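Chemist: The lines below spell out each chain.
Protein chains: 2
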Amino acid sequence: MTRKGEQTRTRILDTAARLFHRKGFAATTVNEILEASGTSKGNLYFHFAGKGAIGLAVLQREKVLLMHFLDDVLSRGTPAEGLSRFFTEALEKNRQHAFIGGCIFGNTALEASDTSPAYTDFVAGVFDAWISRIAHQIERAQQAGQLRDDLPPRELAEMVVATVEGGIMQARLLKSEAPLQHTLDTLRKILALHH
Amino acid sequence: MTRKGEQTRTRILDTAARLFHRKGFAATTVNEILEASGTSKGNLYFHFAGKGAIGLAVLQREKVLLMHFLDDVLSRGTPAEGLSRFFTEALEKNRQHAFIGGCIFGNTALEASDTSPAYTDFVAGVFDAWISRIAHQIERAQQAGQLRDDLPPRELAEMVVATVEGGIMQARLLKSEAPLQHTLDTLRKILALHH
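Each protein sequence line maps, in turn, to chains A and B.
Here the first sequence stands for residues 1 to 195, where the numbers follow the working numbering.
Here the second sequence stands for residues 1 to 195, where the numbers follow the working numbering.
Derived from the structure by calculation, the hints contain no laboratory data.
This one's a predicted model, so the numbers in the text were calculated from it and none came from an experiment.
All C-beta atoms in this analysis are idealised placements derived from N, C-alpha and C, irrespective of residue type, glycine included.
Possibly wrong hints are sitting among the right ones.
Stated by the list, open to error - Computed cross-link-like contacts, DMTMM-like style, restricted to lysine to aspartate or glutamate with a CA-CA straight-line distance of at most 25 Å: (1) B:LYS175 <-> A:ASP149; (2) A:LYS189 <-> B:GLU139; (3) B:LYS63 <-> B:GLU92; (4) B:LYS189 <-> A:GLU62; (5) A:LYS189 <-> B:ASP185; (6) B:LYS175 <-> A:GLU62; (7) B:LYS51 <-> B:GLU81; (8) A:LYS51 <-> A:GLU62; (9) B:LYS23 <-> B:GLU177; (10) B:LYS189 <-> A:GLU155; (11) B:LYS93 <-> A:GLU155; (12) B:LYS189 <-> A:ASP150; (13) B:LYS93 <-> A:ASP121; (14) A:LYS51 <-> A:ASP14; (15) A:LYS23 <-> B:GLU92; (16) A:LYS23 <-> B:GLU32; (17) B:LYS175 <-> B:ASP149; (18) B:LYS63 <-> B:ASP14; (19) A:LYS175 <-> B:GLU62; (20) A:LYS189 <-> A:ASP71; (21) A:LYS51 <-> A:GLU6; (22) A:LYS41 <-> A:ASP71.
Said to hold, decoys possible - On the chain A side, residues computed to face chain B include the following (Cβ under 10 Å): (23) LEU70; (24) GLY102; (25) CYS103; (26) GLU111; (27) ASP150; (28) ALA162; (29) ARG172; (30) THR183.
In isolation and in its complexed conformation, chain A is listed as follows (with noise of 0.2 Å):
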């Protein structure tokens, strides 16, 4: 691709994202991300088979993120910090976007579960692979003696994320860090995060 066939699909995917995220994928047309990106239909038709294709594209490049996100924030110090340091750039990512968008696998997880199974597989694989580097850490986390262990790994990061999730929606909602902060503070006292 061109350099300036690159700049062009990044464009179409950052106005995309930002549409989706502010008003959910079944409400965005793709005349919206047409006019919002300034660019030609058949320049968006290159690039993308439609309004299907754009949200996958999305979905592919939002997950590269998330997972180097994870890395960076797990990986530096102890495991125990690792995992405090995601509560606290989980609070920070969503205090970034004024409480509003939420989280884009969460919402394709409501939005799209029951109508497109092809984002509903990719957004499953999306959180499978969240859980499984949570319960890795947590793993970690119980060997150091940084956190309670008398629940398996792969439990507690399933309900790590659930409760995350939760949480996101709950700011969302109110448009307020409160319920998302509870929430993370709740979840560092009752897996008994020391480090």
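Could you slot chain B onto chain A? The hints should help.
Modeler: Below, chain B without anything else, positioned relative to chain A:
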């Protein structure tokens, strides 16, 4: 309202609730509600000003059902038995839907929160009422020595509701009760719930 008028209104709301649950609010059109409910346009607009009014009426009806559900499951037996029944019956309700549709309040929280203030306010009120009832139940269970008492009831209740919503999201995504069941089992253990 005549008995026939009441029946028409109920039929419209039943149909709309089903479509909103499955497809989401934004993706459902008034025409689909008309067709699926077998109602004439004149009849629908006699009862409702438009899709927005139908959506709010559906949410109001679902709120009444949720509050009845909570009153029913929480009030029988000891405080801990009530909470335990809440977990069991929440899973059962989702199983009955075969994990399609999820929680209409969670769906609306994510879908409408950045675009429809009337819905947002209403759904925020539903979550607040739900959290308050769980907090009250937790407080009673703590007083009876049936639940960990090192954390405040409201804090635990916020986490419980966030975790249940996150668990419903995962169950819906995977079309499986496993994620919700795991999450609820972990919640029981983490609350040190015993009766």
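Chemist: Taking the hints in turn, state whether each one holds.
Modeler: Comparing the hints with the structure gives:
1. Under the criterion of a C-alpha separation no larger than 25 Å, the hint pairing B:LYS175 with A:ASP149 is inconsistent with the structure, at around 30 Å.
2. A threshold of 25 Å between alpha carbons decides the hint, and for A:LYS189 with B:GLU139 the separation of about 18 Å falls inside it, so the pair holds.
3. Between B:LYS63 and B:GLU92, the direct Cα distance comes to roughly 18 Å. Compliance with the 25 Å bound is thereby established for this hinted pair.
4. A hinted pair counts as satisfied when its Cα atoms are at most 25 Å apart, and B:LYS189 with A:GLU62 does not qualify at roughly 34 Å.
5. Between A:LYS189 and B:ASP185 the alpha-carbon distance is near 18 Å, which keeps this suggested pair within the 25 Å criterion.
6. For the hint pairing B:LYS175 with A:GLU62, the CA-to-CA distance comes to about 23 Å; that is within 25 Å, so the pair holds.
7. Proposed proximity of B:LYS51 and B:GLU81 is contradicted: the alpha carbons are some 41 Å apart, above 25 Å.
8. With a C-alpha separation of about 16 Å, the suggested pair A:LYS51 and A:GLU62 falls inside the 25 Å cut-off, and the hint holds.
9. Straight-line distance between C-alpha atoms of B:LYS23 and B:GLU177 comes to about 20 Å, which keeps the hinted pair within the 25 Å bound.
10. Taken as a hint, the B:LYS189 and A:GLU155 pair is honoured in the structure, with Cα atoms around 11 Å apart against an allowance of 25 Å.
11. Pair hint B:LYS93 plus A:GLU155 holds up; C-alpha atoms about 22 Å apart against a cutoff of 25 Å.
12. Taking the CA atoms of B:LYS189 and A:ASP150, the gap is about 10 Å. The hint holds against a cut of 25 Å.
13. For the hint linking B:LYS93 to A:ASP121, the alpha-carbon distance of about 24 Å falls within 25 Å, and the restraint holds.
14. Of the supplied pair hints, the one linking A:LYS51 and A:ASP14 holds, its CA atoms being roughly 14 Å apart against a limit of 25 Å.
15. Between A:LYS23 and B:GLU92 the CA atoms are separated by roughly 32 Å; this puts the pair beyond 25 Å, and the hint is violated.
16. As the CA atoms of A:LYS23 and B:GLU32 are separated by approximately 21 Å, the hinted pair is consistent with the 25 Å bound.
17. For the hint pairing B:LYS175 with B:ASP149, the CA-to-CA distance comes to about 35 Å; that exceeds 25 Å, so the pair is violated.
18. Of the pairs offered as hints, the one joining B:LYS63 and B:ASP14 holds, with about 14 Å between alpha carbons and a cut-off of 25 Å not exceeded.
19. A C-alpha spacing of about 23 Å is found between A:LYS175 and B:GLU62, which places the hinted pair at or below 25 Å, so the restraint holds.
20. A distance of roughly 23 Å separates the Cα atoms of A:LYS189 and A:ASP71; the hinted pair therefore holds under the 25 Å criterion.
21. Only pairs whose Cα atoms come within 25 Å are accepted, and A:LYS51 paired with A:GLU6 is accepted, the gap being roughly 18 Å.
22. Simply put, A:LYS41 and A:ASP71 have alpha-carbon atoms about 38 Å apart, too far for the 25 Å limit, and the pair is violated.
23. Because the beta carbon of A:LEU70 sits about 17 Å from the nearest beta carbon in chain B, more than 10 Å, this interface hint is broken.
24. Checking A:GLY102 against chain B: minimum C-beta separation of about 6 Å stays under 10 Å; hint holds.
25. Evaluation of the A:CYS103 hint against chain B yields a held restraint, the C-beta minimum of about 9 Å falling below 10 Å.
26. Here the hint on A:GLU111 is kept, as its CB sits about 5 Å from the closest CB of chain B, short of 10 Å.
27. The criterion of a C-beta within 10 Å of any C-beta in chain B is met by A:ASP150, whose closest approach is roughly 8 Å, and the hint holds.
28. The interface hint given for A:ALA162 holds, since its Cβ lies 3 Å from the closest Cβ of chain B, which is under the 10 Å cut-off.
29. Interface restraint check for A:ARG172: the shortest CB-CB distance to chain B comes to about 5 Å, inside 10 Å, so the restraint holds.
30. Annotation: interface hint on A:THR183 holds; nearest CB of chain B at approximately 5 Å, less than 10 Å.
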